[in-house]
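**Q** Heads up: the sequence lines are chains D and X, in that order. Its first residue numbered 233, the first sequence is counted upward by one per residue in this note's numbering. Its first residue numbered 1283, the second sequence is counted upward by one per residue in this note's numbering.
Worth double-checking, as some hints may not be accurate.
Stated by the list, open to error - Facing chain D, from chain X, some residues (calculated, C-beta under 7 Å):
1. Leu1349
2. Thr1467
3. Trp1479
4. Glu1497
5. His1506
6. Gly1608
7. Gly1626
8. His1627
FYI, nobody ran anything at the bench for these hints, they're computed from the structure. For clarity, every value in this text was computed on a predicted model and none was experimentally measured. A virtual CB, placed ideally from N, CA and C, is assigned to each residue, including glycine.
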Amino acid sequence: MPFPDTRVGDHTIVGAVTAPGRGQPAASGAEPAGGAMALDGLRILDFTRLGFGSQATLICGCLGAEVIRVESTRFPDAVRVMPPFVPDPGEHGEGFGAATLANATGAASPNRGGIFYKYNTGGKKSITVDARHPRGLALLEDLVARSDVVAESFAAGTLARWGLPYERLRALRPDVVYVSMCGFGHEGPDTAHVTMGPTAQALTGSTFMVGLPDRPPAGWSFSYLDHVGGYLGAMAILAGISHRRRTGEGQHIDVSQLEPATALSGALLLDAALNGRPARRPGFPTGNRRPHPPTAPGGAYRAAGEDRWVVVSCRTEEHWRALVGAMGDPPWAAEERFASLAARVRHAEELDALVEAWTSQRDRYEVMALLQGAGVPAGAVQDAADRLERDPQLAARGHFTMLGNAEVDPLPLEGLPVRMSATPPHTGGRLRRGPPLLGEDTATVLRDVLGLDDAAVADLAGDGVTT
Amino acid sequence: MSAAPDEAPAPLAGVRVLEWSDESAEYCGRFLAGLGADVVKAEPPGGAPSRAVGPFLDDEPGPDRSLAFWADNVGKRSVVVGDDAELAELCAGADVFVHTLRASQVAARGLDAPTLRARTPGLVVCAVTPFGHSGPWAEYLADDLVLMALGGSMAACGYAPGPDGAYDTPPLASLGDQAWRTASTYAALAVMAALLWRDGPGQGAGQAIDVSAHECSASMTEWHLMTYLCSGAVHRRGPHPTLRGADGRLVAALNPDFLGPHVFAGMLAMLEADGVAGPLSDPAFADPGHRARNYREVWQACKRLAAKHDGEALYRLGQQAGLPWGVIRSPDEVLDDPHLAARGHFVELEHPEVGRSAVYPGAPFLAHASPWVLRRRPPLLGEHTAEVAAEWGAPR
């Protein structure tokens, strides 16, 4: 079933895959699982890799789009071959996190890189094409002609050098929505600059916002902007499809890793420009102490155990009274220095020490449950293991979906963390399956999308076009 | 409607969005406004809670002076509603209703999705709450800091432990309400998808969207979950490596050797041109294994380079060598970036009632056929109450 706006058949297959027996696309094979999905029938030809671009297409896949990753056996996506490696089948026992560390055999396979499994859910398919082979480019052109969206995250100009600039894509498919995602985008003086998440985080102020006063920033320890940039890449795809529906026209949408981050600082830009209060000033950033709205107590407090912490955040008198009650009405809480929020903010350091003396005697989840039961915003500082093994809310919401493939056992994987009543997203996408093996879908895609017969598929493989 | 007739229609032009939100989901409506929707913020007579959040213009509090409110409500209109019946009435004229009410609250107030959609079947109802509308924590309370803790990014961010391996500083969360922003971004995506479906195969049917900020926040820590699944290791806190320029400014200096031999080749040429390559010119360093074993030498050479250049210059030197280096700027220092200026990113809007103008971040991506819409300054409290009543009278 094509996406409602898709005019399959209007577009002549112009490539030179002059294989015998090419005809109309075959009827899709197995009936897709489940009910309606929001992007049913939308086809995305996906040249993304690493985190930023792949985050965008995984969102669309979870919404039901058919995402066809175009990959290379000679230059596999780095996250396919980078550690950490997914354990050998059977190597982990009950639960996860108990895998042996001696799983370096993964390095020999393009299907074991763990980070690949983070960014390539959504039922993505994988085909392997040698784009440098003359017939490889023709094959890609045929696929472009039959795709609603072309998404890529190469350095600016790379796809054009392959022979697929936007002008060519548009010639192949007049209403194509072409979404490019790279560090500095395709327009502007610094398009040659390269980024990884931490680069963009530094340049846009995101790194600066994580830190204790009067120390160098601690920053984010992961590529936050790979996620954020990917969300905006997905928004660009959906915006492009919405625009196409209204006008019939496609376009090139240029996503960088910088613009998606500039509004993440909230009021800081306005405070600097209008109040003359630049963020680079003594005492700023303020660690976990949020100046607006003020909270006191407010921050991470030590709990029982090694490096265990719990956040408590009291913004209102109700929160404060509930906290005091939960702590058993200690006499110090009635002192004048803590009599109002303003007073508590003024004496925040003394207050923090007293609160921490109480939390540090208790398990972080015990503190959380006790305080939440009393009506105080509180939460354990959870790491990856906690989210998988100790978070009843994520479990109850079905946050993780067990998915694997022919090479790895099912893993608890994440997708689009949103519930929709009529078109539920699925981490396995329309096909309800795990991240693809490298090239797993080459033959199927050639048959189902391009209508090639078995002989033509074999011919392309034999000629080294598909690998 | 906001789009001028001679301009290309925005992707969501003509879509009416009603928002009932505290500061947790206003970023969602900001996106939808930028995509061309008519976003109307419904507020109680005293104003939305975010109008009381600082900082304030000239540090004078007031419902129309909150810069936090300005930042996330630019592009919207504002109406004041007296009670929930009025709010429900406005919903009947909307395509989308974004709110921040917990499950118990929507039920008690008659604002639950089934009730609203019984009257307006095409309505997309999007609830953005700390934990979602189901599960054992559904009624728990949270601010952004609590969500950053539970979601996992906080546990992974902070300063390195001391030599004994013990931490003397806490895990740290970013300022700027990043959990709320993540949830709001996902909410905007879900709303867009729901509208595409409604106006296509859904044959006019809306639906209910349930966004848990906790889940959204939990799904963002990149490789940390996979590292635990694969190896049992949990990420230890510590910053990425930085170089200190001659002016004291820090530069995030990743050297991604794993991307291929061109990475080191570019770095070596840069260091040699500056006369600071030292032992790195030894051909032995052409071997990645040797580099990895002697990374200290690589880093020392980078530090020698850094000492000779100011931060912004060092960033550009690294980039010219093909390295993903970036100078650490404060958020407001980004306003001076020449690349973003050339892309026309920042937009200045007049605030005539205070005699000032303010610069806002604009399009999050460049879509020339359907440009980002950013023309309205944030609304004064209730500024559009009469206007919206007249325009939205007819039920959708």
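**Q** Against the earlier hints, flag every one the structure doesn't satisfy and list their numbers going up.
**A** The structure conflicts with hint 7 only, although it agrees with all the remaining ones.
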